[in-house]
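In order, the protein sequences belong to chains B and V.
The letter at position 22 of the first sequence is residue 22 when you use full-length UniProt numbering, and the numbering goes up by one with no holes.
The letter at position 130 of the second sequence is residue 130 when you use full-length UniProt numbering, and the numbering goes up by one with no holes.
Note that these hints are calculated values from the structure, not bench results.
Only a predicted model underlies this, so the values are computations on that prediction, with no experimental measurement involved.
Cβ coordinates follow ideal geometry from the N, Cα and C atoms, glycine included.
One thing to keep in mind: the hints can contain errors.
[Said to hold, decoys possible] Residues of chain B clear of chain V, computed beta-carbon distances all greater than 12 Å:
#, residue
1, 2
2, 26
3, 28
4, 36
5, 47
6, 53
7, 57
8, 74
9, 75
10, 106
11, 135
12, 165
13, 172
14, 188
15, 192
16, 225
[What the hints assert, rightly or not] Below 20 Å or equal to it, Euclidean Cα-Cα: the simulated SDA-like pairs (lysine to any residue) are:
#, chain 1, residue 1, chain 2, residue 2
17, B, 134, B, 83
18, B, 104, V, 240
19, V, 234, V, 93
20, B, 75, V, 186
21, B, 75, V, 13
22, V, 240, B, 196
23, B, 117, B, 57
24, B, 64, B, 2
25, B, 75, V, 3
26, B, 75, B, 127
27, B, 14, V, 241
28, B, 218, B, 196
29, B, 127, V, 13
30, B, 232, B, 204
31, V, 240, B, 134
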Amino acid sequence: MSISVKNLSKHYGKQKAVDAISFEAKPGRILGFLGPNGAGKSTTMRMLTGYLEPTSGTAEIFGKSIESQAIEAKKHIGYLPENTPLYADMYVKEFLSFVGQTYKTDHLAVRIDEVIKMVGLTPEQHKKIGMLSKGYRQRVGLAQAIIHDPEVLILDEPTSGLDPNQLVDIRQLIKKLGAAKTVVISTHIMQEVEAICDDIIILSKGKIVANNSLEGLKKAHQQQSLEDIFRKLTA
Amino acid sequence: MYAVFKRELFSFLSSMVAYITIAIFLLVSGLLLWFFPGTSILDYGYAELGGFFSLVPYLFMFLIPAITMRSFAEERREGTFELLITRPIRIWQITVAKYLASLVLVLFGLIPTLIYYYSVSKLGFPEGNIDSGSVIGSYIGLFLLGAAFTSIGIFSSALTKNQVIAFVICAALCAFSYLGFDYTSEIAAFQPIAGGIANLGINEHYTAISRGVLDTRDLIYFVTFSVLFLLITKLIIGGKR
């Protein structure tokens, strides 16, 4: 198991943002995190990446605890946070080189060219990040997440704010990456889930209300549409 | 850690922050030292740099917060902090890298002022009549003072997402740690422990080093001061998760 989560909780005072959730994720499969806003998707992802400290419970990445072996665990993770925060004052290549250095990536110059080609940044690669359009910023965000070739990819709403053409490109890229890696993505778009996800976890008020494969979930709910299933479980 | 240090320094140098703060520092110190009648060496009549060294700490109180205020505050506001903290780097490494990058910038501001030393030594009679030991001591003192102020700046920046608040807190803390203890020690009620209180302030140790006598106690004071503030910074950053 590349990601293994047991009874993970995050409390803010009395409010339980994430309430004792457990799940696992396997390599070669794309796991979709669904849930209404405020259900705890981002909080869970932030705990998995080591940005937030869990109130209780454990999370392991390839058997490395995200708390006690944080540095080791973080080396295996590529992370794209919500809203794609990037250093606007840096050039695309300069930024990717900085990120690569923090992971001590080998043959960095070659790898940067490779990744730029992979995410389709070639026409914009000499620009400052602040000058890029939203679609290209998103690609830079993806590029920085995969620069060190991590086994686990955690992408928080990677397609929000993209136009339909960009959506297709980014989804294809995620699908391609998902063939060899463990990918966890969160999204609100049901078509996206149908298009790329293999497994689905639906969160509501900090709890898991469904954890199944896409086919399994549909079978369990008599072939209803995903939207209906979502509304039924999270209402 | 080196990657973070390099990024910080380059982002100073590629934005106007570095050039404007250093230029203003040099302009103001130049004007006060050579031009304005109240503080000018030319009017003073003695070719020595004492006035300069007692002036710079006050300039540092504004210069250093301007350099350090963005270090954590901006990253937290922009959200880039989330990416930084999820890299395989330890929090103390991030803190120290940001501290060193700011300190190098302070050093960049200090180096051009060596020309004042040259000018004043030329003005002396006979030429070159200047207390070099005291000047060297004073520069070391100034650097240590800058290092202490920078650690306060990094600490203030970690407290808030708002750069203006970080600036004000840093300036206030710098002023207090430089002068506050001296003034507090003059309160009548504290007479019995006045020496001890004054000894906590930066001014006491800065003046001692400025005389040209580098005492290990003063050195330990400055090192402890910076380490203490960086340690608290690390705890704040770690605790906010």
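Hints, one by one, checked against the model:
no. : hint          : verdict
1   : 2             : holds (17 Å)
2   : 26            : holds (22 Å)
3   : 28            : holds (23 Å)
4   : 36            : holds (22 Å)
5   : 47            : violated (9 Å)
6   : 53            : violated (4 Å)
7   : 57            : holds (15 Å)
8   : 74            : violated (4 Å)
9   : 75            : violated (5 Å)
10  : 106           : holds (15 Å)
11  : 135           : holds (19 Å)
12  : 165           : holds (26 Å)
13  : 172           : holds (24 Å)
14  : 188           : holds (19 Å)
15  : 192           : holds (23 Å)
16  : 225           : holds (34 Å)
17  : 134/B x 83/B  : holds (10 Å)
18  : 104/B x 240/V : violated (27 Å)
19  : 234/V x 93/V  : holds (9 Å)
20  : 75/B x 186/V  : violated (55 Å)
21  : 75/B x 13/V   : violated (30 Å)
22  : 240/V x 196/B : violated (35 Å)
23  : 117/B x 57/B  : violated (40 Å)
24  : 64/B x 2/B    : holds (10 Å)
25  : 75/B x 3/V    : holds (16 Å)
26  : 75/B x 127/B  : violated (28 Å)
27  : 14/B x 241/V  : holds (17 Å)
28  : 218/B x 196/B : holds (15 Å)
29  : 127/B x 13/V  : holds (18 Å)
30  : 232/B x 204/B : holds (11 Å)
31  : 240/V x 134/B : violated (29 Å)
When the structure is compared with the earlier hints, violations turn up for hints 5, 6, 8, 9, 18, 20, 21, 22, 23, 26 and 31 and for no others.
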